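Residue numbers (this note's numbering), protein chains in the order written: chain D, 502 to 805; chain Z, 502 to 805; chain P, 502 to 805; chain E, 502 to 805.
There could be a bad hint or two in this list.
In this list, chains with the same sequence are indistinguishable; a pair is considered to hold if it fits within one copy or across any two.
PhoX-like cross-link-like pairs, simulated, lysine-lysine; straight-line CA separation at most 25 Å [as the list claims (entries may be wrong)]: (1) K725 x K523; (2) K679 x K791; (3) K802 x K550; (4) K802 x K725; (5) K523 x K679; (6) K557 x K538; (7) K656 x K679; (8) K523 x K584; (9) K513 x K802; (10) K791 x K632.
Read the hints as simulated data drawn from the structure, not as lab findings. Only a predicted model underlies this, so the values are computations on that prediction, with no experimental measurement involved.
4 protein chains.
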Amino acid sequence: MNYQQVLTQIQKDIQPMLGQGKVADYIPALAGVSPQKFGMAIHTVDGEKSFVGDAKELFSIQSISKIFTLTMAIALGDETIWKRVGREPSGSKFNSLVQLEHEQGVPRNPFINAGAHVTTDIVFSNYEAPKESILDFVRKVSGNSAVDFDYEVAKSERETGNRNLAMAYFMKSFGNIKNPVREVLNVYFHQCSIAMSCADLSKAFLYLANEGVNPSTGETIISKRDSDRINALMLTCAMYDSVGDFAYRVGLPSKSGVGGGIVSIVPGEMSIAVWSPGLSESGNSLVGTKALELFVQYTGKTIF
Amino acid sequence: MNYQQVLTQIQKDIQPMLGQGKVADYIPALAGVSPQKFGMAIHTVDGEKSFVGDAKELFSIQSISKIFTLTMAIALGDETIWKRVGREPSGSKFNSLVQLEHEQGVPRNPFINAGAHVTTDIVFSNYEAPKESILDFVRKVSGNSAVDFDYEVAKSERETGNRNLAMAYFMKSFGNIKNPVREVLNVYFHQCSIAMSCADLSKAFLYLANEGVNPSTGETIISKRDSDRINALMLTCAMYDSVGDFAYRVGLPSKSGVGGGIVSIVPGEMSIAVWSPGLSESGNSLVGTKALELFVQYTGKTIF
Amino acid sequence: MNYQQVLTQIQKDIQPMLGQGKVADYIPALAGVSPQKFGMAIHTVDGEKSFVGDAKELFSIQSISKIFTLTMAIALGDETIWKRVGREPSGSKFNSLVQLEHEQGVPRNPFINAGAHVTTDIVFSNYEAPKESILDFVRKVSGNSAVDFDYEVAKSERETGNRNLAMAYFMKSFGNIKNPVREVLNVYFHQCSIAMSCADLSKAFLYLANEGVNPSTGETIISKRDSDRINALMLTCAMYDSVGDFAYRVGLPSKSGVGGGIVSIVPGEMSIAVWSPGLSESGNSLVGTKALELFVQYTGKTIF
Amino acid sequence: MNYQQVLTQIQKDIQPMLGQGKVADYIPALAGVSPQKFGMAIHTVDGEKSFVGDAKELFSIQSISKIFTLTMAIALGDETIWKRVGREPSGSKFNSLVQLEHEQGVPRNPFINAGAHVTTDIVFSNYEAPKESILDFVRKVSGNSAVDFDYEVAKSERETGNRNLAMAYFMKSFGNIKNPVREVLNVYFHQCSIAMSCADLSKAFLYLANEGVNPSTGETIISKRDSDRINALMLTCAMYDSVGDFAYRVGLPSKSGVGGGIVSIVPGEMSIAVWSPGLSESGNSLVGTKALELFVQYTGKTIF
C-alpha cells in the first residue's frame, strides 16, 4: 500500500469509533465541533503528500502550538532555558500545581501548560511583538500565510483561564516568569487559538522529520541536534499523562492538543497530522491515537 | 571510524571523568567496587562485536535484570499484566511509595522497584522454580551458561531490603502481590544480584535490537510487536527520574542499574552495554551516560 | 439534669440514628458486631459513675489503645521519643505512607498507626514482656483484672496486616523501628485487640482528667504536665482526619477506635466513654460523636 | 503572683532569647522592625489589665486578622461557609497549593492564606464597603477608633503577592472565589496590614474569652456556641504547621502572625497578646511562644 492507500484504509477502519470520546467543552468554540470529524495528512521529506477525510478543515491546534514556541525558544541558543524548565515527564496531570510546588516553580517539561508559559515568556522577552512573531513563525514553517489566530477562542481561553493565571502567578512568585503575567498569558492564549488543518500541520512539522531543515525552502529552522532533542522530548513528555502508553502503542514522537489534533514525526521520513475531536481520559484524541496505531501497524514505521 | 575505533575513542574521551559520581554503598559488595572501572561492549545483529576496557569483567546487573523478568512476563502472553503494572514514567524517585498510595497499589511501570516486584510475582506464579527459570533465561539469551547469581549480594540485598519489603507488603495490601512477599522478594533479590559483563549484557539484549529474535540461535524470544513495546517502555520509563534528560542526551531505549551498568538498544542494528560504577544523583552511571552520549555523537545512531 | 439523666436523654435522642454509619468489616470479628449497639459511661474524678445502654458490654478498643502505649512510653521519661514521632496532625488518612516518605520515616504523631508502631517499639525496647506489660498497665488503670486480649481479633489483625507491615518496614528502612518488625507488630496487634467496656474505659482514663493521678488508688501514672500534654495531643491529633471538625463540634480531648469506641476527657472533672459501631467516613463512631456533641450541649462541658 | 507580676517575671526570663529567630523580610516594612522588641498584654473579662515592655507599640497584625474576618463571616449566620472552607489542620505549609489541588479548591481551614481568601470573599459579598467594614469591626471590638491600615504595608503585600494571586485564581478556577480576585485580595492585603498593639489585640479578642460577648460594651459579637467553635478551630488549625507542638507546649487557643504577634485565649477568663518579631521556622514568634509557655507554667492556665 502507498501512503494514500494506507490513509484510506485507516479512515475505513476507524468509522465504527467515530463519535467516541469526549469533545473538550470548557469553551464554546471547542464544544461546538462535531465529534464525527476525522482528517489525516502526511507530508514526506521528499515532497510526497496524502490526505484523507477532513484533512483540510481548520481546527484549534491548542497544545500543539507548544512545539512552535519551544522551537523558537531553543533557536535563540540560550541553554539557560533548561534551568527554567525541566526535561522530564510530569507523572501527573498536565495542569498540576503540585509538581510546581515541589520543584520550586520549575515546570517539569515544556509541554505541560506551566512549561509552555515559560517558553512563551522566553519568546516574550526576545521578540518585539511576540504574538505576531509566533504567527509569522507558524506561517513560515507551514508555508501558509493564511494561518491565523481564532480571536474568539483566544478570548474564551482568557475568560476561563483562572488555572493558567494561578500557575503563572505561582511561577512568578518563584521568579520564573519574567514578564507581566497577564501579557504573557495573552500571548499564550493566542498561540493556543491558532487554527490549522491537518494538511497545514503535517507540512509545518517537516523540519522535525528532516534534521531541523524545512525541506520546502531549505531553511534551517534549528540544528539537527536540537531537532533530535525536540523529538526525544516529544516522545518522553508530550502526550499528557499517557506518554508511556502512547509510546507503547504508537512509538513515534508526537504532540496532541485538546482540539483533537495530534502530530507525529517519523524521523528522516515524514510528518503526520490527524484530527478527531473526541478525547480520551488523558486528553488525547481517541480516534486520532487509534489512527496512528493503525498507521504504524500497516507501515511498520516506528522508531523502535 | 568502525565501532571498535569509536569505543577506543570514547574510552580516551572519558578518562578525565573516571572516578566521578558516587558508587552505590548500601551493601558492602557494591561499595567495594573501584570507581575507576570502565568497560563498553557492542554486539550487532550481524554478529560483529567490539569491546573496550573492562568489558569482560563481571559486575552486579541490578535493575537491568528488570528487562529480563518483564520479557519473561510478557512472553507468557497474558495481557492482564497491564492491569497490575502501568506503562507511564513515574515522575518521582524509583522507590517511591507515594505513587503507589495514590494509585491503589498499581506501580507506574515495570522498571521501578515496585513494578519489578509485580513482574517477578507473575514469573513466580507461572514457573515451578522461578529463581532457576530466570537464571536459565539469562543464560540462554546471553549464550553464557556460566552466568550466575552473586549469593553474597543477594544476601546483603535481603538484609537491607526493608524498603522493598515495605513496598511489596503495601502492594499486597491492595491485592497486587499474589505470592508470599518474602518468597517473591527472595527471587527478586537474586535476579538483581546476577553478575554479568558488558560483553554478556550486550549479547543478551540483542533480541530487542532484532525484532524479538535471538540472532545467534534464531530463537524467537518475543514477538516483534512486543520487542518494539519493551523498547518504547525503556525509552519512556527505564532511567529512573531522568528519563527525559537521558532521551534528550542519548536518545536510545536504555536501562541502567545501580551497579553502574547501562544497556542501550539501537533497533535493527545493535545492543550496547557500558559499565562504570560512579552514579549520578539520578542513580545512573555518570561516565556510562557520557559514553553513550559520545557514541551517539560519533555515530549518529539515535532513534530520533 | 444530673449525669445519669443526661445519659438517659442522650440515649433517647440518638435512637433514630442507630444503625447509621458503616461497621468496620476488614476482619470478621469486627464485621459481626450489631450496628444497633450503643453504650455510654461516665466516671468523675470524685467517684461518681453513670452508665447507659450497652455500657458494660465488651468491644474491641482498637486505636484507643494508642493512648495506653503513649502513656507508657512517655512515663519512661525519655524525651527522645519526640525525635522519633511528631506532635502534629497528619492532615491525611490515618494509614498514609505519603507523609512518612516526605518526613523520612518519622510519623506525624503517636495516634496514626505508624506513630503507634513507634511507641509500641519503645515499650518493646523497655519491657521484658511488652505484651503482658501493656495488659498489666490497662488492668491497673481500669481497676479490672479481667481485661484481656481478644486473641481471635489479634490473629485476624495479623493476617490482614499487610499495610501495617508496609509502614513498619518502611520506618525500619529509615532506622525508626529498633526491634524486629514482626515482633513489634505482634504486640501492636494484641494491644489493638484488647476488649473493654465503656465502663472500663471511662474508668481507665480518669488519670487524664485528674492531673496524671489515678483517683481510685492515688497512684501517679504520669506527671500533671504530661497529662496535660497528652490531652493536648489528643485534641489536635487523635481523631483521624477530622480532628478540627471534632473539636469544632465536641471540643474535648478524645480518641476513637474503629471498633466504634470513643473516649473523651473533661480535664479536672471526668472521663467519658461511648460506643456504637457504625463509623463515619473519617472512621469515627457516628452515633458516638453525636452523643458526645449532645453531652456538651446539655452540660456545657467543653474546654473552650 | 498577680498577672502584672507574672508578666514582669516573663519579661525577665525571656531577655536571653531576645533577638533569636528570623524577622519576616519579604517586605521592607516588616524587615525593618527591631528583633529586640517584646511586649505582652493581658485583658481579663473582669476588666483587669496588665502590660509589659512594648505592649503599647503598634505592629503589623498580619494573619491575626484572619480571626476578625472569620468572626464576621460566621456572624452572617450562613452555614454554607463550611462547604467553602474546611475545619481541619492543613498538615503542611500555610501557603501550600498542593492541598488545594487535592481537595478541589476547598482550603483546609480559615487560618491558612487560601482559607482567609475565602472568608474575605464572603465578607466582600456581604458588605457594601468590605475594607471599611473590617476596619470598623476591629475598631469596635478593640474599643480603639484610631486603629488603622498601614497603607505602605498593604501596598508592599500587593506587590509581592504573586503566590496569593496564584492561590486565589486557583480557587476561582474551582468556583470558590465569587468576586474579582484582585479586588478580594486588595481587601485581604489591607486587613493583614492593620497595625495594632498588644494592648489593642488583647482587648479586641476578649469576646472569645467571654462567650461571644464584648465585656466592655455588653454587645454580643457572636453566639457562645460560635465563640467556642472559633476557639476550637484556633487550637486545632491556627498556628501554621506547629499546631500540635504549640498545643503541647502552651495549650491555649491561639493565632499568630508573621509580624511576630500571637493572641491566646483563656476561655472564661482572659485574652493575652504577645509580640516579638523573631520567628521560628514554623513562622510563629519564637520569644512570643516561649512567653506564653512561661505564662502557662506560672499560672497553670491551660485548657487541658
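Comparing the hints with the structure gives:
{"no.": "1", "hint": "K725 x K523", "in the structure": "neither (37 Å within a copy, 33 Å between copies)"}
{"no.": "2", "hint": "K679 x K791", "in the structure": "neither (40 Å within a copy, 33 Å between copies)"}
{"no.": "3", "hint": "K802 x K550", "in the structure": "within (16 Å within a copy, 27 Å between copies)"}
{"no.": "4", "hint": "K802 x K725", "in the structure": "both (20 Å within a copy, 13 Å between copies)"}
{"no.": "5", "hint": "K523 x K679", "in the structure": "neither (36 Å within a copy, 28 Å between copies)"}
{"no.": "6", "hint": "K557 x K538", "in the structure": "within (11 Å within a copy, 58 Å between copies)"}
{"no.": "7", "hint": "K656 x K679", "in the structure": "both (23 Å within a copy, 21 Å between copies)"}
{"no.": "8", "hint": "K523 x K584", "in the structure": "between (36 Å within a copy, 23 Å between copies)"}
{"no.": "9", "hint": "K513 x K802", "in the structure": "within (20 Å within a copy, 37 Å between copies)"}
{"no.": "10", "hint": "K791 x K632", "in the structure": "neither (34 Å within a copy, 39 Å between copies)"}
Hint compliance for this structure: hints 1, 2, 5 and 10 are not met, and every other hint is.
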